[in-house]
Amino acid sequence: MANISYKCPTCGAEIFWDASAGKFLCKYCGDEFTMEDMEASGQAQAGAVDNQHVELHEEIVNNEYTSSTDGTVGSNLVKYKCSYCGSEIITDRATAATVCVYCGNAVVMGEQLINDFAPDYVIPFKVEKARVMQAFKEFSKKPLTPKAFDPEKVVEKMQGVYIPFWLYSGECEGYMDAECVNEKTTRQGDYRVVEKKIYNVLREGKVRFKNVPVDGSSKTDDAAMDSIEPYDYKDLVPFKPAYLSGFLAERYDEDAEKCFERAKLRIENTTLDKLKESAPYDRITVRTYNKNIKKEKPKYALMPTWLLYTVYNGEKYFFAMNGQTGKFIGNLPIDKGKLTVCSILGAIVGGFLGYILMR
Amino acid sequence: MIRKIIEKIGFMLIANSVLFTPIVAHADGAGGGVVGIVVGGAIGGIVVGSTLVSMSKTKITATKAEKYVEGQLELKRKQDQFVTTKTERHKVN
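Protein chains in written order, with this note's numbering: chain A, 1 to 359; chain B, 1 to 93.
The set of hints was computed from the structure by calculation and includes no laboratory data.
Do not take every clue at face value.
A short, non-exhaustive set of chain A residues, derived as facing chain B with CB atoms under 10 angstroms [as the list claims (entries may be wrong)]:
{"hint": "1", "residue": "Tyr28"}
{"hint": "2", "residue": "Leu167"}
{"hint": "3", "residue": "Glu195"}
{"hint": "4", "residue": "Lys196"}
{"hint": "5", "residue": "Glu277"}
{"hint": "6", "residue": "Leu308"}
{"hint": "7", "residue": "Tyr312"}
{"hint": "8", "residue": "Lys316"}
Computed cross-link-like contacts, DSBU-like style, restricted to lysine-lysine with a CA-CA straight-line distance of at most 30 angstroms [stated by the list, open to error]:
{"hint": "9", "chain 1": "B", "residue 1": "Lys8", "chain 2": "A", "residue 2": "Lys206"}
{"hint": "10", "chain 1": "B", "residue 1": "Lys57", "chain 2": "A", "residue 2": "Lys316"}
{"hint": "11", "chain 1": "A", "residue 1": "Lys197", "chain 2": "B", "residue 2": "Lys86"}
{"hint": "12", "chain 1": "B", "residue 1": "Lys57", "chain 2": "A", "residue 2": "Lys264"}
{"hint": "13", "chain 1": "A", "residue 1": "Lys137", "chain 2": "B", "residue 2": "Lys59"}
{"hint": "14", "chain 1": "A", "residue 1": "Lys129", "chain 2": "A", "residue 2": "Lys240"}
{"hint": "15", "chain 1": "B", "residue 1": "Lys8", "chain 2": "A", "residue 2": "Lys126"}
{"hint": "16", "chain 1": "A", "residue 1": "Lys126", "chain 2": "A", "residue 2": "Lys210"}
{"hint": "17", "chain 1": "B", "residue 1": "Lys86", "chain 2": "A", "residue 2": "Lys327"}
{"hint": "18", "chain 1": "A", "residue 1": "Lys157", "chain 2": "B", "residue 2": "Lys86"}
{"hint": "19", "chain 1": "B", "residue 1": "Lys59", "chain 2": "A", "residue 2": "Lys336"}
{"hint": "20", "chain 1": "A", "residue 1": "Lys327", "chain 2": "B", "residue 2": "Lys76"}
{"hint": "21", "chain 1": "B", "residue 1": "Lys64", "chain 2": "A", "residue 2": "Lys276"}
{"hint": "22", "chain 1": "A", "residue 1": "Lys137", "chain 2": "B", "residue 2": "Lys86"}
{"hint": "23", "chain 1": "A", "residue 1": "Lys197", "chain 2": "B", "residue 2": "Lys57"}
{"hint": "24", "chain 1": "A", "residue 1": "Lys153", "chain 2": "A", "residue 2": "Lys294"}
{"hint": "25", "chain 1": "A", "residue 1": "Lys294", "chain 2": "B", "residue 2": "Lys64"}
{"hint": "26", "chain 1": "A", "residue 1": "Lys184", "chain 2": "A", "residue 2": "Lys210"}
{"hint": "27", "chain 1": "A", "residue 1": "Lys258", "chain 2": "B", "residue 2": "Lys86"}
{"hint": "28", "chain 1": "B", "residue 1": "Lys57", "chain 2": "A", "residue 2": "Lys219"}
{"hint": "29", "chain 1": "B", "residue 1": "Lys64", "chain 2": "A", "residue 2": "Lys142"}
{"hint": "30", "chain 1": "B", "residue 1": "Lys59", "chain 2": "A", "residue 2": "Lys153"}
{"hint": "31", "chain 1": "A", "residue 1": "Lys299", "chain 2": "B", "residue 2": "Lys76"}
{"hint": "32", "chain 1": "A", "residue 1": "Lys336", "chain 2": "A", "residue 2": "Lys316"}
Cβ coordinates follow ideal geometry from the N, Cα and C atoms, glycine included.
Sequences and hints are given; from them, build the entire structure.
In structure tokens form, the structure reads like this:
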């Protein structure tokens, strides 16, 4: 069986998920279909991918190809055949869905969505490309952005990608031993008197966490994926491959155990914060903090993101947008000339104020 | 209070930087106004520059998970033991 693609139940043309409508939209006949409509018409599988009938990738031999044809990032390339036009699709080994560059049809790689790679959940795209383009233009309007950096030109390369995430739930038990101080300052004649009451404080308790997300892709920037949080889990639905139609998707290449280290750090830090919040003192110095996390089986979900890799003046830049909430992040190029002028102006104003205060 | 902070920062800069030494040598004769210009200028430049740079950089590694806390902290043990009182007296100028 070929890779999975989806057809319009009315006219038979290729059909894609429309982020703004939250439905499948046929660009040829204009009909819209919900996931239930697609399933009823037999176009979208109701559950997971059929493990027995998936097309496997072909290995690339003798450096036949050195870059992907679908714009995916990664150097571990493999070959698939487009189920619609038969053209070769050269893509990264972890790609789970893509778009054929020759015929423009959506292709879902079934073998990347079965067995251990079968996602539990997905949040379907809610932000369409037109909104992404507008948001990027607004985002680029920063005081230090170089004039030559043209967001209109750059944003065209933005791709909708489902990124694999591990969601960790469980509880963290924490024990904190701290020295706490309450301070009171009074004035006695020419003296400022500081009275410090010192306490030994113990706190032991547990905090429950639900769905702490950590991306399971080695190719995406961890800090960028952290920065586009949070995703609103009210839109989290059981995974169906049809949601990937028209977007790129990756399967995880970092397993749940490896990624847990990042979640663990966040959970432990927040548990300590909660223990500190329960101690109403002016200053808290933690002497001992013991913690133990009991985690449940992690869930595997695909999250919608718009990603952009670009080069400006020989330097690489990466931007990402949360495909559900529209939150945009990334480090923009900086015009060093503008930075110098602004800093000098700041120095002049600061110097003037300093002179007034100190003369 | 602000004067004291500026003075302290000024002395730190003088102690650690060659850049300010000649200016401060001049300031000895010229009074606090020159120190104010030097320190205020340095702080102003750094604050404006770093604020503008931070506006262009929005990528941050997450270190907390407070958005994913379900319910409240469930305290099993809570102990607050008073140890001592210390008093400090500072002469005010």
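Each hint, compared with the structure:
1. Interface hint at A:Tyr28: violated, since its Cβ lies 39 angstroms from the closest Cβ of chain B, which is beyond the 10 angstroms cut-off.
2. Because the closest C-beta pair between A:Leu167 and chain B is about 9 angstroms apart, less than 10 angstroms, the hint holds.
3. Given hint, A:Glu195 at the interface with chain B, holds; its Cβ is 5 angstroms from that chain's nearest Cβ, closer than 10 angstroms.
4. Taking 10 angstroms as the C-beta cut-off, the interface hint given for A:Lys196 holds, the closest approach to chain B being about 5 angstroms.
5. Residue-level restraint check for A:Glu277 holds (minimum Cβ-Cβ distance to chain B is 7 angstroms; threshold 10 angstroms).
6. At its closest, the beta carbon of A:Leu308 sits 13 angstroms from a beta carbon of chain B; the interface hint therefore is violated under the 10 angstroms criterion.
7. Hint on A:Tyr312 is violated. Least Cβ distance to chain B is approximately 12 angstroms, over the 10 angstroms limit.
8. Hint status for A:Lys316: violated, given a least beta-carbon distance of 13 angstroms to chain B, over 10 angstroms.
9. Restraint check: the Cα-Cα separation between B:Lys8 and A:Lys206 comes to about 44 angstroms, which exceeds 30 angstroms; the hinted pair is violated.
10. For a cut-off of 30 angstroms, the pair hint linking B:Lys57 to A:Lys316 stands: about 14 angstroms separates their Cα positions.
11. Our distance criterion of 30 angstroms between C-alpha atoms is met by A:Lys197 and B:Lys86, whose separation comes to about 7 angstroms.
12. A distance of roughly 26 angstroms separates the Cα atoms of B:Lys57 and A:Lys264; the hinted pair therefore holds under the 30 angstroms criterion.
13. With a CA separation close to 18 angstroms, the supplied pair A:Lys137 and B:Lys59 stays within the 30 angstroms bound.
14. For the given pair, A:Lys129 sits about 22 angstroms from A:Lys240 by alpha-carbon distance, which is consistent with the 30 angstroms threshold.
15. Pair hint B:Lys8 plus A:Lys126 does not hold up; C-alpha atoms about 53 angstroms apart against a cutoff of 30 angstroms.
16. Between A:Lys126 and A:Lys210 the CA atoms are separated by roughly 23 angstroms; this keeps the pair inside 30 angstroms, and the hint holds.
17. Note on B:Lys86 and A:Lys327: the hinted pairing is violated, with a Cα-Cα distance of about 49 angstroms set against a maximum of 30 angstroms.
18. Among the hinted pairs, A:Lys157 with B:Lys86 is inconsistent with the structure: their alpha-carbon atoms are about 64 angstroms apart, more than 30 angstroms.
19. The straight-line distance between the Cα atoms of B:Lys59 and A:Lys336 is roughly 20 angstroms, inside the 30 angstroms bound, and the hint therefore holds.
20. Restraint check for A:Lys327 and B:Lys76: not satisfied, since their Cα atoms lie roughly 38 angstroms apart, outside the 30 angstroms limit.
21. Proximity of B:Lys64 to A:Lys276 is assessed by CA-CA distance (about 14 angstroms); at most 30 angstroms being required, the pair is judged to hold.
22. For a cut-off of 30 angstroms, the pair hint linking A:Lys137 to B:Lys86 is broken: about 58 angstroms separates their Cα positions.
23. Between A:Lys197 and B:Lys57, the direct Cα distance comes to roughly 42 angstroms. Violation of the 30 angstroms bound is thereby established for this hinted pair.
24. At roughly 48 angstroms between alpha-carbon atoms, A:Lys153 and A:Lys294 are farther apart than 30 angstroms, so this suggested pair is violated.
25. A C-alpha spacing of about 17 angstroms is found between A:Lys294 and B:Lys64, which places the hinted pair at or below 30 angstroms, so the restraint holds.
26. Restraint check for A:Lys184 and A:Lys210: the C-alpha separation of about 40 angstroms exceeds 30 angstroms, so the hint is violated.
27. Taking the CA atoms of A:Lys258 and B:Lys86, the gap is near 48 angstroms; set against the 30 angstroms cutoff, the hint is violated.
28. Our distance criterion of 30 angstroms between C-alpha atoms is met by B:Lys57 and A:Lys219, whose separation comes to about 20 angstroms.
29. Only pairs whose Cα atoms come within 30 angstroms are accepted, and B:Lys64 paired with A:Lys142 is accepted, the gap being roughly 28 angstroms.
30. Between the alpha carbons of B:Lys59 and A:Lys153 the distance comes to roughly 22 angstroms, so the proposed pair stays at or under 30 angstroms and holds.
31. Under the criterion of a C-alpha separation no larger than 30 angstroms, the hint pairing A:Lys299 with B:Lys76 is consistent with the structure, at around 29 angstroms.
32. Restraint check: the Cα-Cα separation between A:Lys336 and A:Lys316 comes to about 17 angstroms, which is no more than 30 angstroms; the hinted pair holds.
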